Amino acid sequence: NAGVTQTPKFQVLKTGQSMTLQCAQDMNHNSMYWYRQDPGMGLRLIYYSASEGTTDKGEVPNGYNVSRLNKREFSLRLESAAPSQTSVYFCASSLSILVLTFGAGSRLTVL
Amino acid sequence: GENVEQHPSTLSVQEGDSAVIKCTYSDSASNYFPWYKQELGKRPQLIIDIRSNVGEKKDQRIAVTLNKTAKHFSLHITETQPEDSAVYFCAAGPDYKLSFGAGTTVTVRA
Chain A
8 NAGVTQTPKF
18 QVLKTGQSMT
28 LQCAQDMNHN
38 SMYWYRQDPG
48 MGLRLIYYSA
58 SEGTTDKGEV
68 PNGYNVSRLN
78 KREFSLRLES
88 AAPSQTSVYF
98 CASSLSILVL
108 TFGAGSRLTV
118 L
Chain B
2 GENVEQHPST
12 LSVQEGDSAV
22 IKCTYSDSAS
32 NYFPWYKQEL
42 GKRPQLIIDI
52 RSNVGEKKDQ
62 RIAVTLNKTA
72 KHFSLHITET
82 QPEDSAVYFC
92 AAGPDYKLSF
102 GAGTTVTVRA
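These protein sequence lines are chains A and B, in that order. Counting in this note's numbering, the first sequence runs from 8 upward without gaps. Counting in this note's numbering, the second sequence runs from 2 upward without gaps.
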């Protein structure tokens, strides 16, 4: 089992460019999440999807959109990247409530 | 929403000594309190968790205690080893919205 797979691992964008981070899990988990990790701030929830067909805002949703494409896939889109979105992004999934399995992370730099 | 504070931000211990990390939370509806370990350049991984109906849980050298009245919970690592060096995150939440603390960087000195 691959677990939670994120792509790309690294990305450099210019301010105003758009991009989509992809996430897929093969554990038949119901819930999926996107977090960002910044130094000294822990992990902050951007969006989550409690089940296929539903999405909800987390703590820091501004500037992001998500799509729960099917039970396996949950993508995060930056429509117009800003330097403040420079971060490491983690996708996670869970079967039972809140026991998270994380992906390897995607490091995004916005110039 | 939930606000989780974690202390200390850095912790240096001698190999074999104990390490204690403390977290406080604000939302009395929170009922799930996990701890994650993140080694340098790696993903966070769950090491232990506790739910609100339990006061203490132990797994080999790690233990977590919860005081719901005071809204705080702690991670205890005994007999620390070099492989315990990592960043540790506490988290708290009800339902699907886990809030994380800022992290504690633990360094175990040989």
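Some clues are possibly wrong.
Each pair of labels, with its calculated beta carbon distance range [as the list claims (entries may be wrong)]:
| # | chain 1 | residue 1 | chain 2 | residue 2 | range |
| --- | --- | --- | --- | --- | --- |
| 1 | A | ASP63 | B | GLU16 | 21 to 31 angstroms |
| 2 | A | GLN29 | B | VAL55 | 36 to 46 angstroms |
| 3 | B | VAL55 | A | PRO68 | 38 to 48 angstroms |
Simulated pairs of lysine to any residue, SDA-like, Cα-Cα distance not exceeding 20 angstroms [said to hold, decoys possible]:
| # | chain 1 | residue 1 | chain 2 | residue 2 |
| --- | --- | --- | --- | --- |
| 4 | B | LYS38 | A | GLY60 |
| 5 | B | LYS38 | A | GLU86 |
| 6 | B | LYS98 | A | GLU59 |
| 7 | B | LYS38 | A | GLU59 |
| 8 | B | LYS43 | A | MET48 |
| 9 | B | LYS38 | B | LYS98 |
| 10 | B | LYS43 | A | PRO46 |
| 11 | B | LYS98 | A | SER25 |
| 12 | B | LYS98 | A | GLY60 |
| 13 | B | LYS98 | A | LYS16 |
| 14 | A | LYS16 | B | GLY42 |
| 15 | B | LYS43 | A | VAL106 |
Note that these hints are calculated values from the structure, not bench results. It should be emphasised that the depicted structure is a prediction, and the values quoted were computed from it without experimental measurement. Glycine is no exception: its CB is placed at the ideal position from the N, C-alpha and C atoms.
| field | Restraint status (C-alpha distance of LYS38 of chain B to GLY60 of chain A at most 20 angstroms) | value | The hint is violated at about 31 angstroms.
| Is LYS38 of chain B close enough to GLU59 of chain A, meaning Cα to Cα at most 20 angstroms? | At roughly 28 angstroms apart (the allowed maximum being 20 angstroms), GLU59 of chain A and LYS38 of chain B break the hint.
| task | Compare the distance between the alpha carbons of LYS38 of chain B and GLU86 of chain A with 20 angstroms, and conclude whether the hinted pair is satisfied. | result | violated, 32 angstroms
| Is the straight-line distance between the alpha-carbon of LYS98 of chain B and that of GLY60 of chain A 20 angstroms or less? | Holds. LYS98 of chain B to GLY60 of chain A sits at ~18 angstroms (cutoff 20 angstroms).
| task | Could you see if the CB distance from VAL55 of chain B to PRO68 of chain A stays within 38 to 48 angstroms? | result | The hinted range 38 to 48 angstroms is violated for VAL55 of chain B and PRO68 of chain A, with Cβ atoms some 33 angstroms apart.
| When you check the alpha-carbon spacing of LYS38 of chain B and LYS98 of chain B, does it fall within 20 angstroms? | Given that 20 angstroms is the threshold and the Cα spacing comes to 19 angstroms, the pair holds.
| message | LYS43 of chain B and MET48 of chain A were given as a pair; does the straight-line alpha-carbon distance stay at or below 20 angstroms? | response | Distance ~17 angstroms between LYS43 of chain B and MET48 of chain A Cα, so the pair holds.
| Proposed proximity, PRO46 of chain A with LYS43 of chain B (alpha carbon, max 20 angstroms) | holds, 15 angstroms
| field | LYS16 of chain A paired with GLY42 of chain B [C-alpha distance capped at 20 angstroms] | value | Measuring from Cα to Cα gives roughly 12 angstroms; hence the hint holds.
| query | When you take the CB atoms of ASP63 of chain A and GLU16 of chain B, is the distance between them in 21 to 31 angstroms? | reply | At 44 angstroms between Cβs, range violated.
| Given hint GLU59 of chain A paired with LYS98 of chain B - CA-CA distance at most 20 angstroms | holds, 17 angstroms
| Regarding the pair LYS43 of chain B and VAL106 of chain A, is the alpha-carbon distance no greater than 20 angstroms? | The given pair, whose Cα atoms are some 18 angstroms apart, holds under the 20 angstroms limit.
Of the numbered hints given earlier, the model fails hints 1, 3, 4, 5, 7, 11, 13; all others are met.
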